[in-house]
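Please build the complete structure, drawing on both the sequences and the hints.
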Amino acid sequence: MVDLRRVALDILKPHDPSMLEFTERIAAVESVDGVSTSLIELDQEVQNVKITAEGTSLEYDAIEDVIESLGGTVHSIDQAAYGEYVVEERRTLQDD
Amino acid sequence: MVDLRRVALDILKPHDPSMLEFTERIAAVESVDGVSTSLIELDQEVQNVKITAEGTSLEYDAIEDVIESLGGTVHSIDQAAYGEYVVEERRTLQDD
Amino acid sequence: MVDLRRVALDILKPHDPSMLEFTERIAAVESVDGVSTSLIELDQEVQNVKITAEGTSLEYDAIEDVIESLGGTVHSIDQAAYGEYVVEERRTLQDD
Amino acid sequence: MVDLRRVALDILKPHDPSMLEFTERIAAVESVDGVSTSLIELDQEVQNVKITAEGTSLEYDAIEDVIESLGGTVHSIDQAAYGEYVVEERRTLQDD
Amino acid sequence: MVDLRRVALDILKPHDPSMLEFTERIAAVESVDGVSTSLIELDQEVQNVKITAEGTSLEYDAIEDVIESLGGTVHSIDQAAYGEYVVEERRTLQDD
Amino acid sequence: MVDLRRVALDILKPHDPSMLEFTERIAAVESVDGVSTSLIELDQEVQNVKITAEGTSLEYDAIEDVIESLGGTVHSIDQAAYGEYVVEERRTLQDD
Amino acid sequence: MVDLRRVALDILKPHDPSMLEFTERIAAVESVDGVSTSLIELDQEVQNVKITAEGTSLEYDAIEDVIESLGGTVHSIDQAAYGEYVVEERRTLQDD
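Residue numbers (our numbering), protein chains in the order written: chain A, 1 to 96; chain B, 101 to 196; chain C, 201 to 296; chain D, 301 to 396; chain E, 401 to 496; chain F, 501 to 596; chain G, 601 to 696.
Errors might be hidden in some of the hints.
[As the list claims (entries may be wrong)] The following label-pair restraints were derived from C-beta to C-beta distances: (1) C:Ser257 to F:Asn548: 56 to 62 Å; (2) C:Thr273 to A:Asn48: 40 to 46 Å; (3) F:Asn548 to A:Asp61: 39 to 45 Å; (4) E:Ala462 to F:Ser557: 45 to 51 Å; (5) A:Thr73 to F:Glu588: 43 to 49 Å; (6) D:Glu359 to F:Asn548: 23 to 29 Å.
[Unchecked claim] Over the 12 Å line for every Cβ pair with chain D, so calculated as not near, a few chain F residues: (7) Glu545; (8) Ser557; (9) Glu559; (10) Tyr560; (11) Ala562; (12) Glu564; (13) Leu570; (14) Thr573; (15) Glu584; (16) Leu593.
Because the hints were derived from the structure by calculation, they are not lab data. Because the structure is a prediction, the values reported are computed rather than measured. Quick reminder that beta carbons are idealized off the backbone N, C-alpha and C, glycines included.
This is the structure we're talking about:
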């Protein structure tokens, strides 16, 4: 078994529940140690937010379940780190 | 229960009370350990400021109450961090 | 009581007293531990400088009194940090 | 014998399996200590992802086998570090 | 008494004495612990250099005397730090 | 005797051997402690890569011999560090 | 006596001796602890390189003698640090 230690998600969510309640509910998922959410864009209907969750062994399905139960959808998974520790990516010459 | 540890707010406020008094009043909220405020834009009628508050377990409603009692409005919540520690977001290739 | 720990000011000042004397006088205010001043723009009549003062419990009024007694005016308060420590602001996706 | 300690790959993969499962499967390769995956681009048919794997002595062929068994192809190897430790590259004046 | 701990100067100087001798002479001022000089622009007649001097209690007048005795002129004082320690300035949203 | 501690090379190499084998072979040179290779550009005929090698006392000729025996050519030496330790270059005002 | 601790030079040199031999020869100067050289530009006739030398008490004349004995010329001295330690320059608002 390999552990998911960090995941960054691009999420579309309705205005209600608020970004705070939304984040708090994800942070309340048992495998989650902490969550940071950043506002990307604010629309009349939806909010586009970036969510970064960390834990020793994240249960992604439980995270996604909470997101969807709150009316949100995962637009894309932007980053994922599995293993004994979080491998930090370095900028390569191909990223420029 | 999950703790709110940091929150960054985009605020519109009247010129009076001053940015200093405004910040001091938020910092005086019981759950708040520290607050930094930065001026974003200065208008004839209003000031647009960014407020970052930290604490072990922030009570957001009390913070918002103070902001509104001083004539300010929360334009948007730009960042929120819940959990056992503040998860630092990394720039993803999607942020560029 | 909540302590003001750092403040960054945008100041307009005459050429006399010099930037050094001006800074020294602010640093001599009792609650101030240190001050750094940077030149923003140099005009024929005035200097536009950015002043950053730190202390355990800054008395802002005493700082402003010194600035005004030296012919300077506070154009804007650009940053203020209150609390038990200086909260460092992170760049949000809204700052870009 | 010289050890491969870090490798960064530019990968094209189908949407199924998901980026999470894809990453988890690479992280499960015996010589791999950790893997981080970042989304570069999302297409209707394929996902373009950047994968960074670390280990004390990575077996690259086993990593590539897993990638290909999941329908992915290595578009390019963007970085590789061999030796007793990971040599960090510095930006040279030629990189600008 | 408040101590000047760091000062950054924009200097115009003739080609002779050389930047090395010029810097060495400033570093030899008693209150100065160290000086770094950077070339800003090279003209046929003059050199424009940036000088940063540090010390526990810098005597600015002695520094300026040496600069002028070597044919240099202080075009502007770009930064000055007074107090018990050097306050590091943070970039504010107004600096962008 | 002065020791070469780090060298960064701009290399043109054929597609075969692969970037991994190419890097591994350089890392296998006796004086080399570690090597990182980054892809700069991918052509139909050749790969342009940046190679950074570190060691306590690198034998450059042995490194170049391996590169050439694998069909590669050193297009340029972009950085070299000799001495008791690796001197880190600072950006000067002339680099901008 | 004040010590020169770091100097950064903009050098024009012929292709022969190579950048490696050129750097090694400077690093062999007695007062020099380490030297890093970076390629700025490659011409048919000359190489333009940036050389950074460090030592407890650098003898600049001996460094320049070696450079000139190898056919190089010092185009400009870009940075020099004298004193008890190397003063690190901070970016001022005037550098932007």
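* **Index of numbered hints that the structure contradicts, given in increasing order** => The structure breaks none of the hints.
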